[in-house]
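Based on these hints, arrange chain H on the given structure of chain C.
These protein sequence lines map, in sequence, to chains C and H. If you use my numbering, the first sequence corresponds to residues 7 to 205, in order. If you use my numbering, the second sequence corresponds to residues 7 to 205, in order.
Accuracy of the hints is not assured; some may be wrong.
Just so you know, same-sequence chains aren't split out, so a pair can sit in one copy or run between any two.
With a Cα cut of at most 25 Å, we get these calculated BS3-like pairs of lysine-lysine [to be verified]:
1. Lys30 <-> Lys60
2. Lys168 <-> Lys130
3. Lys58 <-> Lys130
4. Lys58 <-> Lys30
5. Lys132 <-> Lys87
6. Lys173 <-> Lys58
7. Lys173 <-> Lys197
8. Lys58 <-> Lys168
9. Lys22 <-> Lys58
10. Lys173 <-> Lys87
11. Lys87 <-> Lys168
By construction, these hints were calculated from the structure, which means they are not laboratory data. All values reported here derive from a predicted model rather than from experimental measurement.
2 protein chains.
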Amino acid sequence: MPDFAEPLARLITEFKRLPGIGQKSAQRIAFHVLRAGREDAEHLSQAILDVKDKLGLCRVCNNIADGEICQYCSNSSRDPKVVCVVEEPHNIVGIETTRQFEGRYHVLHGALSPLRGIGPDSLKIKGLVERIAQGEVCEVIVATNPNVEGEATAVYLARLLKPLGVKVTRIGMGIPVGSDLEFADEVTISKAMEGRREM
Amino acid sequence: MPDFAEPLARLITEFKRLPGIGQKSAQRIAFHVLRAGREDAEHLSQAILDVKDKLGLCRVCNNIADGEICQYCSNSSRDPKVVCVVEEPHNIVGIETTRQFEGRYHVLHGALSPLRGIGPDSLKIKGLVERIAQGEVCEVIVATNPNVEGEATAVYLARLLKPLGVKVTRIGMGIPVGSDLEFADEVTISKAMEGRREM
Numbered sequence: 007m008p009d010f011a012e013p014l015a016r017l018i019t020e021f022k023r024l025p026g027i028g029q030k031s032a033q034r035i036a037f038h039v040l041r042a043g044r045e046d047a048e049h050l051s052q053a054i055l056d057v058k059d060k061l062g063l064c065r066v067c068n069n070i071a072d073g074e075i076c077q078y079c080s081n082s083s084r085d086p087k088v089v090c091v092v093e094e095p096h097n098i099v100g101i102e103t104t105r106q107f108e109g110r111y112h113v114l115h116g117a118l119s120p121l122r123g124i125g126p127d128s129l130k131i132k133g134l135v136e137r138i139a140q141g142e143v144c145e146v147i148v149a150t151n152p153n154v155e156g157e158a159t160a161v162y163l164a165r166l167l168k169p170l171g172v173k174v175t176r177i178g179m180g181i182p183v184g185s186d187l188e189f190a191d192e193v194t195i196s197k198a199m200e201g202r203r204e205m
Numbered sequence: 007m008p009d010f011a012e013p014l015a016r017l018i019t020e021f022k023r024l025p026g027i028g029q030k031s032a033q034r035i036a037f038h039v040l041r042a043g044r045e046d047a048e049h050l051s052q053a054i055l056d057v058k059d060k061l062g063l064c065r066v067c068n069n070i071a072d073g074e075i076c077q078y079c080s081n082s083s084r085d086p087k088v089v090c091v092v093e094e095p096h097n098i099v100g101i102e103t104t105r106q107f108e109g110r111y112h113v114l115h116g117a118l119s120p121l122r123g124i125g126p127d128s129l130k131i132k133g134l135v136e137r138i139a140q141g142e143v144c145e146v147i148v149a150t151n152p153n154v155e156g157e158a159t160a161v162y163l164a165r166l167l168k169p170l171g172v173k174v175t176r177i178g179m180g181i182p183v184g185s186d187l188e189f190a191d192e193v194t195i196s197k198a199m200e201g202r203r204e205m
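Only chain C is shown next, with the shape it has when bound in the complex (with noise of 0.2 Å):
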């Protein structure tokens, strides 16, 4: 590696720590900002303090929340009666994007993963039998990921919480589309052939 000045050189390791960053990209950020008005960093630099000092969690789903409470349950146009329950807060991202869900979330901030040492008790799971206790809930849509943890986490959610008496389901799961039935793993095509629907 060349030397850069300290400086530089720090920061450039500093953007190497992110995710989907390399040495280049790593080179090419720093030399960026570099270039660029001191306000410009001033702004990237506050940014990331601000997301760390302004932000929580939501006092009622653990979504990330500028306030006490997230804008999905501060919504009032938003159905309280089916909760989607994710893994982690950027996971709601991916479904808000469908435009399709018009109900509240819930997230755990993690799956179960006895290897890693993570229990039920690890997970934000306490918060969600209480708002089912409160009994507006009437479906949990149990979105965590389709591997180990997730599918863990989700059968250990419908144990828990189908005595409750609230409907538990869970995402399908198959090809996905635009995809090619020749890229896919067996497990994805058995779990495409029990979740088929009539035509």
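Then chain H, alone, in the frame of chain C:
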């Protein structure tokens, strides 16, 4: 786009302004910052400001420097008789990774471009002429980009500097190593033919 809380939306917008970062990468990085500790965010934030505050241009060659003089100009083991002229400070990175060049640099901070109103006065050429006038420089290697602006700059520099009694050379152009003749355009191939060497 889904609604993000304001500080998060602002951070995503700021990241999207960086080169090579689109909406999805910006979201991923912003959520990473949100999850990271406050200390990590502070380090990144501070590093961004530091490159603006602690770095300046080398008094001799206009490279980025954290003092009066950059690490190449202040390194007495580097040959002051050979000066490599580049357009931007980041071009030095590419040349240094070869570990072959042992001379000094001169950064123009741009290339001639009459269409964009960039004439010789907009470039840092004066300092180069002064360095040559001091008599220590024997060869100037022009390593501006192999495009219209870089070529125009190289021709201009050759005409300006040769009368001062210095040797002016241009970096070789041809087929990139590891590439295939099939993918080379006609201008590159004709440059490669021109630049052929006896074996």
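So, going through the hints one by one against the coordinates:
Within a single copy, Lys30 and Lys60 get their C-alpha atoms only as close as 32 Å, which misses the 25 Å cut-off; across copies the closest is 22 Å, which meets it. In this homomeric assembly, Lys168 and Lys130 come within 25 Å of each other (Cα to Cα) only inside a single copy, at 18 Å, whereas the closest approach across copies is 73 Å. Within a single copy, Lys58 and Lys130 get their C-alpha atoms as close as 20 Å, which meets the 25 Å cut-off; across copies the closest is 42 Å, which misses it. Taking the shortest alpha-carbon separations for Lys58 and Lys30, only the inter-copy value of 20 Å comes in at or below 25 Å, while the best intra-copy value is 27 Å.
In this assembly of identical chains, the alpha carbons of Lys132 and Lys87 lie at most 25 Å apart only when taken from the same copy (18 Å versus 73 Å across copies). Taking CA atoms no more than 25 Å apart as the test, Lys173 paired with Lys58 passes in neither setting, with 36 Å inside one copy and 56 Å between copies. Proximity of Lys173 to Lys197 under the C-alpha cut-off of 25 Å is restricted to the intra-copy arrangement: shortest distance 21 Å within a copy versus 72 Å between copies. Taking the shortest Cα distances, Lys58 and Lys168 never come within 25 Å of each other, neither inside one copy (37 Å) nor across copies (57 Å).
Taking CA atoms no more than 25 Å apart as the test, Lys22 paired with Lys58 passes in both settings, with 20 Å inside one copy and 19 Å between copies. Within a single copy, Lys173 and Lys87 get their C-alpha atoms as close as 11 Å, which meets the 25 Å cut-off; across copies the closest is 80 Å, which misses it. Proximity of Lys87 to Lys168 under the C-alpha cut-off of 25 Å is restricted to the intra-copy arrangement: shortest distance 15 Å within a copy versus 81 Å between copies.
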